[in-house]
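What follows is the residue order along each chain.
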Amino acid sequence: MRDNDPLKDEHHFTKLVKKTKIHEDGTIDSCELVPRKDEEFMSVDWLEHYGHDDVDKNIEELKQYYNYNFTIRTQKLPLLNVQKVKSHVEENTREKRKLKILYKPENFNPSHSGVYNYKHDDELIGDLIAQKVEKLYEAKINNGL
Amino acid sequence: MVHSQPIYTHDASWNEAGELAFFADPNPMDSWFEKKERVPWSAWPMYQPADSISSDHQNVNGEGVTVRVYDSPFDEVDDALSTDEEKIKNYLDHFVAKHRESIVDNIKTRLTTLMNDLEEEMEDDLTQQPLSFESFKYFIQFLVKNPEFKTPSFIVNYDGNIRALWKKSDNKHLAAEFATDGTSSYVIFSPDPDHPAKVMRNSGSVSNKRLKDVVLSLNAHKWAYSDAG
Numbered sequence: 002m003r004d005n006d007p008l009k010d011e012h013h014f015t016k017l018v019k020k021t022k023i024h025e026d027g028t029i030d031s032c033e034l035v036p037r038k039d040e041e042f043m044s045v046d047w048l049e050h051y052g053h054d055d056v057d058k059n060i061e062e063l064k065q066y067y068n069y070n071f072t073i074r075t076q077k078l079p080l081l082n083v084q085k086v087k088s089h090v091e092e093n094t095r096e097k098r099k100l101k102i103l104y105k106p107e108n109f110n111p112s113h114s115g116v117y118n119y120k121h122d123d124e125l126i127g128d129l130i131a132q133k134v135e136k137l138y139e140a141k142i143n144n145g146l
Numbered sequence: 656m657v658h659s660q661p662i663y664t665h666d667a668s669w670n671e672a673g674e675l676a677f678f679a680d681p682n683p684m685d686s687w688f689e690k691k692e693r694v695p696w697s698a699w700p701m702y703q704p705a706d707s708i709s710s711d712h713q714n715v716n717g718e719g720v721t722v723r724v725y726d727s728p729f730d731e732v733d734d735a736l737s738t739d740e741e742k743i744k745n746y747l748d749h750f751v752a753k754h755r756e757s758i759v760d761n762i763k764t765r766l767t768t769l770m771n772d773l774e775e776e777m778e779d780d781l782t783q784q785p786l787s788f789e790s791f792k793y794f795i796q797f798l799v800k801n802p803e804f805k806t807p808s809f810i811v812n813y814d815g816n817i818r819a820l821w822k823k824s825d826n827k828h829l830a831a832e833f834a835t836d837g838t839s840s841y842v843i844f845s846p847d848p849d850h851p852a853k854v855m856r857n858s859g860s861v862s863n864k865r866l867k868d869v870v871l872s873l874n875a876h877k878w879a880y881s882d883a884g
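Respectively, the protein sequence lines represent chains A and B. Add 1 to the 1-based position in the first sequence for this note's numbering, that's all there is to it. Add 655 to the 1-based position in the second sequence for this note's numbering, that's all there is to it.
Be aware that a few hints might be false.
As the list claims (entries may be wrong) - With a cut-off of at most 16 Å between alpha-carbon atoms, the simulated EDC-like pairs for lysine to aspartate or glutamate come out as follows:
| id | chain 1 | residue 1 | chain 2 | residue 2 |
| --- | --- | --- | --- | --- |
| 1 | A | Lys20 | B | Glu778 |
| 2 | B | Lys805 | A | Glu25 |
| 3 | B | Lys827 | A | Glu41 |
| 4 | B | Lys823 | A | Glu41 |
| 5 | B | Lys822 | A | Glu92 |
| 6 | A | Lys38 | B | Glu778 |
| 7 | A | Lys133 | B | Asp814 |
| 8 | B | Lys853 | A | Glu92 |
| 9 | A | Lys120 | A | Glu41 |
| 10 | A | Lys141 | B | Glu776 |
| 11 | A | Lys20 | B | Glu774 |
Just so you know, the hints here were simulated from the structure itself, not pulled from any lab data.
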């Protein structure tokens, strides 16, 4: 994969989600699933970058990266499928919005990618993406201590 | 630079609109009362050209005594340290407890968890703002003025605003962000009453007063109201 290549439909992505952005029933608030103010896209991580067929193993590798580089406490990692998110948003928005999910590697984060074609105040799209969360992982590595 | 509104030295209370209201002593001594005028510290005589300083300390007029109270420069520091968190707790204990007591415990429990988590997150993320008292106040006012609504789940967004969620299922979903200017941006998913398999989806921004009208227009009150409502 090269910079700006679209992620394959069958692939998955995730992003670090803060605990204060998750409702009591586990619903991720749309404010965490839209681009931040003044940003062109929502930053996410492409899981298949880590090369395993098992998505859980890819998540484990990403957790290593996050725990090594950031302070990880109670954040979560939602599992999202590329095709399911794109088609759900397209089918359920009046203007048939087509999201683009592109690979945007960074030196310090080679799995970095971006969800494009919506803005900070497109909360309806954020809520639609939240409906497609397949699983919510703890971001902190459980080291058995 | 004297504030035009005097601050009366007597009692204060949350009024029906959820604003802090000052009122005079119900048993004023004789026919006069004492009132205070706040003078910001930047207007202290020591910071002003000598010829611009008017008479100070006491102004006697026909109705009573006006005492000028000179703010300390430390007041501003104190104000900054007197966080919205304290105002929020005070608001819950006085205004909410008085007007919709049944929701206080739920709100307090969730708020305590959120504030603790938020404190941790703010250490790691400088873009995260603390919970805004104004946003919280508008959120609570909405619940007090519209008691037919269930108590929603709520979170704090990056701007420090409350985002409330009334959700029964993916297709029965009302989310509203209470901004600091008395408006809310909302997202509603609600089944079409004529075609229940179809879902009406709508989003926008309205004054908090009109939010209920939007909810009614999309039939969302059917599941966003409490059973008793």
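Checked hints:
no.: 1; hint: A/Lys20 <-> B/Glu778; verdict: holds (14 Å)
no.: 2; hint: B/Lys805 <-> A/Glu25; verdict: holds (15 Å)
no.: 3; hint: B/Lys827 <-> A/Glu41; verdict: violated (30 Å)
no.: 4; hint: B/Lys823 <-> A/Glu41; verdict: violated (32 Å)
no.: 5; hint: B/Lys822 <-> A/Glu92; verdict: violated (21 Å)
no.: 6; hint: A/Lys38 <-> B/Glu778; verdict: violated (20 Å)
no.: 7; hint: A/Lys133 <-> B/Asp814; verdict: violated (25 Å)
no.: 8; hint: B/Lys853 <-> A/Glu92; verdict: holds (12 Å)
no.: 9; hint: A/Lys120 <-> A/Glu41; verdict: holds (7 Å)
no.: 10; hint: A/Lys141 <-> B/Glu776; verdict: holds (14 Å)
no.: 11; hint: A/Lys20 <-> B/Glu774; verdict: holds (12 Å)
Figure legend: structure checked against the earlier numbered hints; hints not met, in rising order: 3, 4, 5, 6 and 7.
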